[in-house]
Every structure is written in C-alpha cells, then in structure tokens.
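Engineer: Taken in order, these protein sequences are the chains called L and E.
Note that this note's numbering numbers the first sequence so that position 223 is 223, with each residue one more than the last.
Note that this note's numbering numbers the second sequence so that position 173 is 173, with each residue one more than the last.
It should be emphasised that the hints constitute simulated quantities derived from the structure, not laboratory data.
Do not take every clue at face value.
Unchecked claim - Calculated pairs, SDA-like style, for lysine to any residue (alpha carbon to alpha carbon, straight line, at most 20 angstroms):
| # | chain 1 | residue 1 | chain 2 | residue 2 |
| --- | --- | --- | --- | --- |
| 1 | E | Lys156 | L | Ala312 |
| 2 | L | Lys308 | E | Val157 |
| 3 | L | Lys308 | L | Arg291 |
| 4 | L | Lys308 | E | Trp154 |
| 5 | L | Lys308 | E | Tyr32 |
| 6 | L | Lys308 | E | Asp153 |
| 7 | L | Lys308 | E | Phe166 |
| 8 | E | Lys156 | L | Lys95 |
| 9 | L | Lys308 | L | Gln213 |
| 10 | E | Lys156 | L | Ala309 |
| 11 | E | Lys156 | L | Glu83 |
| 12 | L | Lys308 | E | Asp23 |
| 13 | L | Lys308 | E | Asp100 |
| 14 | L | Lys308 | E | Phe25 |
| 15 | L | Lys308 | E | Glu35 |
| 16 | L | Lys308 | E | Phe158 |
| 17 | L | Lys308 | E | Glu22 |
| 18 | L | Lys308 | E | Asp60 |
Said to hold, decoys possible - Per the computed footprint, the stretches of chain E lying under chain L, defined by three or more beta-carbons under 8 angstroms from a beta-carbon of chain L, are:
| # | region |
| --- | --- |
| 19 | 57 to 68 |
| 20 | 162 to 168 |
| 21 | 235 to 245 |
Don't be surprised by glycine CBs; every beta carbon is placed ideally from N, CA and C.
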Amino acid sequence: MKRFALSLLMPVLLLVDVGSSLAQDGLEYRLEATEITPGVWVVEGSTESFSRENGGNIVNTAFIETDVGVVVIDSGPSRRYGEAFRALIETTTGKSITHVLITHHHPDHAFGNQAFEPETLYMLPASRELLARDGDAFSDNMYRLVGDWMRGTEIVLPPNTLEPGEWQVGNRRFRLLELTGHTGSDLVVFDETSGVLFTADMLFYDRALTTPQSPGLDVWAAELEALEALPYRWVVPGHGPVVEGDVAFRQMQDYLAWLDRTLSQAATEGLSMMEVMNLPIPERFEGVAERRHELIRTTTHLYPHYEKAALALLPE
Amino acid sequence: MRGWMALGLALLSVTVQAGFPEDPFHSPMWEYNLERYLGDDSEVVHDERVELQVPPFAEDSAQVPLTLDLTAFPEPAQRIVTWVDLNPIPHLFTYEPGADPVRLLSLNFRVQQATTVRAAVQDAEGVWHLGSAYVDAAGGGCTAPSLTSANPDWEKVFGTVRGGAFSRAEHTRYKLNVMHPMDSGMVGNTPAFYIEQVALYREGDPHPLLRLELSQSAAENPMFVFELEQEAPRSRLWMRDNNGNVFERHLGGTSS
C-alpha cells in the first residue's frame, strides 16, 4: 500500500520539478506591443545598460502591417528575444513577415536574427560588413554582460541588402535613409504613409547616446538636422519613449552640442581623460538615463581625437 | 601568564605580517606586490590624500585612464610607484622627482582582467602612502595586438610627438603624447617594444624636472600629463625605448 502511494506520487513530483525549473530560469522577455497609429506597433525596451536583469531588452523594436505582410524593424538582443518578438508579431497581426530590416550592426538590434526566416532579413551593405567584422567580439561581450539570456544566440548575416531611397511594400510607402553618425552605417526608416519616423540609434531620447563607432559628434549633429527636416509626426527613437513632435530632437541636439563643447574645452584646458569622465553634467540632463556611464564610454572613444587636436606637433 | 603569552603571539604576528595593513579590496596580490615593488620591510599606510582615479569600468581594456592627484598630499613625493595588481606584469610606472614636486600625473594603462590598481607615494621619512582603486573589465588588454601593428603605415607616424604646456594658476601642466606601439611582448610573434624611460628637463639644466620608468602595463601611444608647481619654462622631453630608440623634443613656454 505504502509503495503504491509513492509510485503515484513520483510522476507528480517530477512534473512539479520540471515546472519549477522553467519558472526558476525566469529568463522570459515580457514583450508588449503598442500601436502608435493603425498598423504601426512599437515594442519599447528599458533605457538601462545591458545587464543580467534586463537580458539586453534595452532597445525599441517595431513592426508595421502592410496588405502583403509585415515589415519588422530590428530583431533585438538575443535569440530568445527574437523568438518572443516573432511570436508577438504573429499573434498581434495574424500576418506573415515579409521583411526584417536591421538598422545597424549593434548587438541589441541585430542579435535576434536567428528567430526569423533568413530570406526576410535585410541590411545596408556597409552595416552588414560591420556586423561580419565586429559580430564575434560583440557576442563575447554580450555573453559576459547579460549571461544566460544569450544562450544559443549566434550571429546571422542578412542575405539581402537595402538601398536608400523610396521603397514600397504593398500599400505602404517608405523612405529609407543611410546615415553615419552612430556607427558609420545607420539605417533610418520613414513610413511616409503614417508619418512615423524610425530613427533607430541616430536618435536617443531620455537616454544618453552611445559612441563606440561614431565618426564624430559634429557629423552626427549635422545628420540629425537633415533628419529633422522630414515631414514626420511621431518619432520612434532607438532607445527611449516614442514621442510626437520634435522634443526628442531638441534634447538630442542639446546633448550632442554640450558633449562636443565639453570635450573641446577640456582638451583646450589640458584635462586628462579621467578628469573629463568626472566632469559635472548639467542639471537639465537629469532625465537622461545612463549619462555618467555613457560619458565614461564616450570619453574613451572620442576624447583622444580632441586631445591630439589641442596639442602642437613637436619638431625634432 | 596567559596575558604574556597573548602579547608574545601578538608581537609574533606583527613581525610575520611585515607591518602591512589589511587590503580593503582583498586582492590576492596585495602583499606579494607590496613586497615586490616597495620592499618587504617597507612601512605602508592607506592614505586618502593619495587620490588615485580610475573609471569604475574599462570601456577599452587597452586604454584605461589613470590620474593620480596629489593636490591634497601635504608634502613633496620622494618617489611614486604605480601598479595594476592582476596584470601579468603589474608595474605601470615609477616616478622620481626633480626640484619641483609633481601635483598630478596621468597615464593610460592596459588591463588583463578586472583588478585593483595602486599608487604608492613615499614621503621624506620613507613611509609609503597608498591610494587604491578598482576597475571592472572584460580584459585582454595585455594580450591584444596593438592597433599600431594592424596599421601597415605605422612607421610613418612612429615617434611622432605632440605636446603642450597649460598654465593653471601657479602651476604648469604638461601634456605629451608619443606615437609608439608599446608592445607588451605577450602577443604571439611580437616582441616587447616599449618606452622604458621618460625625462623632462628645464632647458639648459642637466637635472631633470622629473623622471619616469615605464613597464608593459602602459598603454599604446602614451599620453602623459604632469602638473608641476612652477611657471612654464622652456623645456626638453627625452624618451628611450627598450630597442634603444631615443626621442627628444623641445617645448616652448605656456601655450594653449
């Protein structure tokens, strides 16, 4: 009798065990899509830096319905994110995905590629070269920073390339732009039909901009001006909340100008790199997440150029 | 009787510990590196006035900034030794003063992994005052090939020296940059090739304003910052690498 009871219990215990180990893993992206305007959806990430808590979900991804299928913008930071994102797109729209546009080669935007059919993946040729060059190093760093969320993630280079210009998908008209300010090759997608501008990381809002591959803050600022001239209504930044109107552009231009001025002046005064990292950040940027963290990173990336420009060549 | 025994044990433990204080960072290399760079009978104290600044994390393991600010330190440094605890060759630089004491020193270093960094400043009594800091890192800076070695035209810029003197109230800050691969010797097929000696002279004076001895923890294309308690004189920079290349340049007075 006793033995019987045990054997009945065993499968129950096993089931409970499996269930709890899945729950304990706890690594589940809870993605939610918000419809900005009919058929245009955004999945907003946090404005943090990569961590084991957020699994790299610090990025905005998006999808746009057309009458021939869905156009997706960016695939997220990991295979697991990509899979959750794809499931969300399919349940939300009930349509198949025709295009996945990868805006640039940074891991938070391109590391969910595995979850999508390879023939739907598109990228600018120069961005794709950068992904081929830097992908493995980014991958090592992502495993270090976000850990187990990355399990099974491998780099997939999109087989298809994009060209800047007018681009029609079904009943929707897009304009694709190739810019350089953030990484040297940055895709911006303007949905002319709805007036939604997907700037990707050419624009950060309430989140400090990142500069590891930026050709320079002056280049970036000039391109932003051109971008702002587009007849947009809503802006979807690469990081930070979706906004109507030009408020995100105002903040970004102010922040970029402050950074450029601060680095120039520091170089003119002969400050060391470490002193620049410790400089005060104006109060008006208090709402800009990760500003100190990114000042440390940007100083590493860009200050050496400002420093050298402020020194004289010493002849022999 | 028991009291005497306890006292005896206490004395014994002091002798065994060689007088080193506890390391607040609990680095496994704490005592080893103190003995190696300062000597095993040296007197060491932690001192907040030795302000060692490094970032909380290394964005680039091959270029981690370090600034040593001695503004709050009340007397001239007789000697300064800096090292990176967990690097394969921890030593970064040793500084020896001239007539004008240094107030601030800055130089980028490499990190092989997350580590504590130390600056030891010796006072006139021979006591070492220690500043410590911790930097998190993905690492690999010591065993990554230099950017210079990836550039086929590196010889064209090799040895290029840029500099400036910046007036700061009663003091002068020198900022000097030399294009040099500073190869650590820890990358396959690339022998150690780095600047070992740096000296700054007042023009026409045979005694240096300061001397630095560098090791393999120093980063590529070093950017030196020295702030001295003096008006900017005309000066001369002299450097020599381990292959015998000598770099010598003249600096005018204060510029921007």
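Engineer: Need the status of pair L/Lys308, E/Asp60: alpha-carbon distance at most 20 angstroms?
Structural biologist: Holds, at about 18 angstroms.
Engineer: Going straight from one Cα to the other, do L/Lys308 and E/Trp154 come out at no more than 20 angstroms?
Structural biologist: Between L/Lys308 and E/Trp154 the Cα gap is close to 17 angstroms, so the pair holds against 20 angstroms.
Engineer: Holds or violated: are the alpha carbons of L/Lys308 and E/Phe25 at most 20 angstroms from each other?
Structural biologist: violated (35 angstroms)
Engineer: Could you grab the alpha-carbon distance between L/Lys308 and E/Glu22 and see if it respects the 20 angstroms cut-off?
Structural biologist: violated (41 angstroms)
Engineer: For the pair we were handed, L/Lys308 and E/Glu35, check the Cα-Cα distance against 20 angstroms.
Structural biologist: Roughly 38 angstroms between the alpha carbons, so the hint for L/Lys308 and E/Glu35 is violated.
Engineer: How does the coverage statement for the region 57 to 68 of chain E fare against chain L, requiring three or more residues with Cβ below 8 angstroms from a Cβ of that chain?
Structural biologist: holds (count 7)
Engineer: Would you check the hint for L/Lys308 and E/Asp100, treating anything up to 20 angstroms between C-alpha atoms as holding?
Structural biologist: Status violated; Cα separation ~26 angstroms.
Engineer: Count the residues of the region 235 to 245 of chain E whose Cβ falls closer than 8 angstroms to any Cβ of chain L, and tell me whether that reaches three.
Structural biologist: With 1 residues closer than 8 angstroms to chain L, the region 235 to 245 of chain E misses the three-residue bar; violated.
Engineer: Decide if the proposed pair is consistent with the structure: E/Lys156 and L/Ala312, CA atoms, cutoff 20 angstroms inclusive.
Structural biologist: Since the Cα atoms of E/Lys156 and L/Ala312 sit roughly 18 angstroms apart, the hinted pair holds (cutoff 20 angstroms).
Engineer: Need the status of pair L/Lys308, E/Phe166: alpha-carbon distance at most 20 angstroms?
Structural biologist: holds (14 angstroms)
Engineer: Given the hinted pair E/Lys156 and L/Lys95, is their Cα-Cα distance within 20 angstroms?
Structural biologist: violated (58 angstroms)
Engineer: So if I understand the rule, the pair passes when the alpha-carbon distance is 20 angstroms or less; does L/Lys308 with L/Arg291 pass?
Structural biologist: Violated. L/Lys308 to L/Arg291 sits at ~25 angstroms, over the 20 angstroms cutoff.
Hint compliance for this structure: hints 3, 5, 8, 11, 12, 13, 14, 15, 17, 21 are not met, and every other hint is.
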